[in-house]
Amino acid sequence: MKRKKDLSTVSFIAIAYGTLSLLAILCLLPFWLIVSGSFTAENEIIGEGFKIWPKELSIDAYKAVFTNPEQILRAYWVTIWITAAGTFLGLFLTSMAGYVLARKDFKYRNAVSFFMYFTTLFSGGLIPWYILIVKYLSWKDSYLAMLVPGLLSAWNIILMKNFMKSIPDSIIESARIDGANDFTIYSRLILPLSTPGLATIGLFLALGYWNDWFTANIFITTESKYPLQFFLYKILANAAVLRTDIAANLSAVNFKAPAETLKMAVAVVVTGPIVLLYPFVQKYFVKGLTIGAVKG
Amino acid sequence: MKRKLGAVLATALFAAAALSGCGGNDEAKPEASASGKSDGKQDAVASAGPDTSKPVELVWYLLGDANKDTPKVMEEFNKMLKKDLNATVKLNFTTWNDWQTKYNLLLTAGEKIDMIFASSWAGFFKYAKQGAFLDLTPLLPKYAPQVQKQVPEQDWSDVTIGGKIYAVPNTNPEYTPDGIVYREDWRKELNLPEIKDLASIEAYMDGIKKNKPGVIPINGSAWNEISTLFMAYHDFHTIGGESGVIVSKSYDTPRDIVAYPFTPEYEAWVKKMKEWADKGYWSKNTLSSKQEAGDLIKAGTGAIYWRNPPGASGFITDMQKQNPKVEIGYFPFTRLHNYAMPTMAIANGMAIPKSAANPERSLMVLEKIRTDPKYYNLITYGIEGYHYDLINDGKNIVTPSKSQDPAKVQGYGIADWGWRYKPLMKSGVGGWDGLDKLNEEFAKISKPDIFSPISMDYDPVKTEYAAVNQVKDQYGKPLMMGLVPNVDEAIKTYRDKLKAAGIDKVLDYVKQQATAYYDEKGIK
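In order, the protein sequence lines correspond to chains A and B. Take 1 as the starting number for the first sequence in full-length UniProt numbering and just add one per residue. Take 1 as the starting number for the second sequence in full-length UniProt numbering and just add one per residue.
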């Protein structure tokens, strides 16, 4: 059945689409500038600035990035590995913790919840954290330092707990009557039912690991263990140092100011994959976040 | 009910324990463990001779980035070291990302580090005063006797605090005064006067502006060019680093310390700068521009760029490679007042943190590097016959080695500033030859640096100092760049804001610190 649209509906649609397209363009433009910048000739950027469409296409920046491809590929490998392992382990631990706290027959759940919640209010600060990891755990220059601290966060556990609370108790009870034990219930019933929650928190974790440069910055000293983001950040930092007074104290032999276009090219190389991840988890994202965000 | 109460109590106890644990960790732990351990060690070291029977791995930290061939070079280096001193060195790098934070963490957390790059600009004085570094005085004669003789007395005094030596400074008299590179070919083409003073700089910019359409004399960010010119022209010297607004008025009267925005010289200068800005010697958005003036010289739309001599040398060499037709000149601002100050010895050096496991072996390795050309060349310039070849009886090097394909092998370089020793240093050939000439010129008019050693610890006036810098950024910079509609009004506002920010308190503090230093060193 086709309904005739009246004028107000049509105009509403026109305005809505118009506004949204405009906003979409505004959001996409910076990304486009990065992409087009990475394909512009160096002198054109310096002389005339960034442009929507470069006069002359140039792939010099990408050539420069991939002259030393081992370094970038290794950094990619480190990041992917850390992200995958961190997300998987993190999801497992978070969902376990969330599930336990969501079960009403766990006697101390309020006390434990409070204990976790408490950590979100206070933190020891950078130096104790550093001392713990370096001196007591001896994780300096180890992948563990990048992997473990991000696995669990109180915020994620609370989110997970609230999400799992929305699963009716009767499901668990009926499973129990059918003879399922706790692990079966967790793995066969709770996990499949929590897909939106898992997807949401999984995305949080994945983004966190993918974007994390800080832990690598302070704990990792071997170049071959650098993740991708830190690799990019290092290039930018070198440029920043050249602009400060410090450069006056150093003979600039080992310095080469990185080219503008190189920065853009690296940015494209770094952000590419994670942008592609969004469409696949996006449909769970909104649902998971809204359900989980209701505090109970 | 009872149970619930118990649970709450238990939680509270837990929390309290966790909290106090954290708090304790925060302050007491690193200090206590670091100092306690090292004190005991120092005694042990003093009584034992150079004993190398125990193999050790030394962890060294350098500021900066590794070279991609560093692992290869260090492998060679360690092979030699293992044989001679039964030690190996693991080089770690802070990289330039947040290196201040990292330095702080490395030194306060009491991590086991045997040697670390130290420098006046990387907080050497602060850390030394806080006790982060080991006192080397008793160790030097035993473990690095030759280095002790190599380093001139004056340089040792740079690193001596309260009678104790806290670092081994590099031995490489360097001059890094401010100056500018400019398009010499354009100057000749337009028949402009040779650059030798402020008037000729002005004439040059004027000529460029009028005759070269599309070129802005100082294109991009012009702050460095103008602010350093101001200081050099008036022979002002900032005191206590961090290019603040407090200066000593002249080399001849170092005790005459003022805040320069309150001087008549400044008033006259900013009026001139207003004229220059209006004439378009730099762009209106110069303060927000992130572009280096040098990049725009390369792009052909700029003509002046601030550089110190080593920086200029790199820039000019680069330019010669990219565009041999362009001729670049260099004008050091020292010619405005006819003397040059070498950088302090501790502009670069090596120190041993308190937490070091093997300070004595570390010193022995440093001694090896600084006395044996084999070690020095390897760790500094890479592998001979691969990264470089020695020529001119070993005085110069060419990079990369002639036997290698230059497309695949590049010259080697790492953050070697800390152990530089002039007699062992090589310079590359094929670069700009002007640097040596400049250094000769500077050496002739050299006067010791009496300003940089006044290391300021701004803690007592922290708030005022931050506020003053804030005001400087907000009101001082546009004024200096002539970007205000009314100069007189802007000067008044700037001065009022500085007063309100507490400039007098900072000034008094700096004066007091400077006077103490001059009294100690017997400078009038």
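Keep in mind that a hint or two might mislead.
[Stated by the list, open to error] BS3-like, lysine-lysine: derived pairs with alpha carbons at most 25 Å apart:
hint, chain 1, residue 1, chain 2, residue 2
1, B, Lys426, B, Lys437
2, A, Lys225, B, Lys112
3, A, Lys135, B, Lys284
4, B, Lys321, B, Lys408
5, B, Lys284, B, Lys298
6, B, Lys290, A, Lys51
Just so you know, these hints were derived from the structure itself, not from any lab.
A quick look at each hint next to the structure:
1. B:Lys426 with B:Lys437: The hint holds at about 16 Å.
2. A:Lys225 with B:Lys112: holds (21 Å)
3. A:Lys135 with B:Lys284: Given pair Lys135 (chain A), Lys284 (chain B) is violated - Cα atoms ~52 Å apart, limit 25 Å.
4. B:Lys321 with B:Lys408: This hinted pair holds, its Cα atoms lying about 18 Å apart.
5. B:Lys284 with B:Lys298: holds (21 Å)
6. B:Lys290 with A:Lys51: Holds: Lys290 (chain B) and Lys51 (chain A) sit about 17 Å apart, inside 25 Å.
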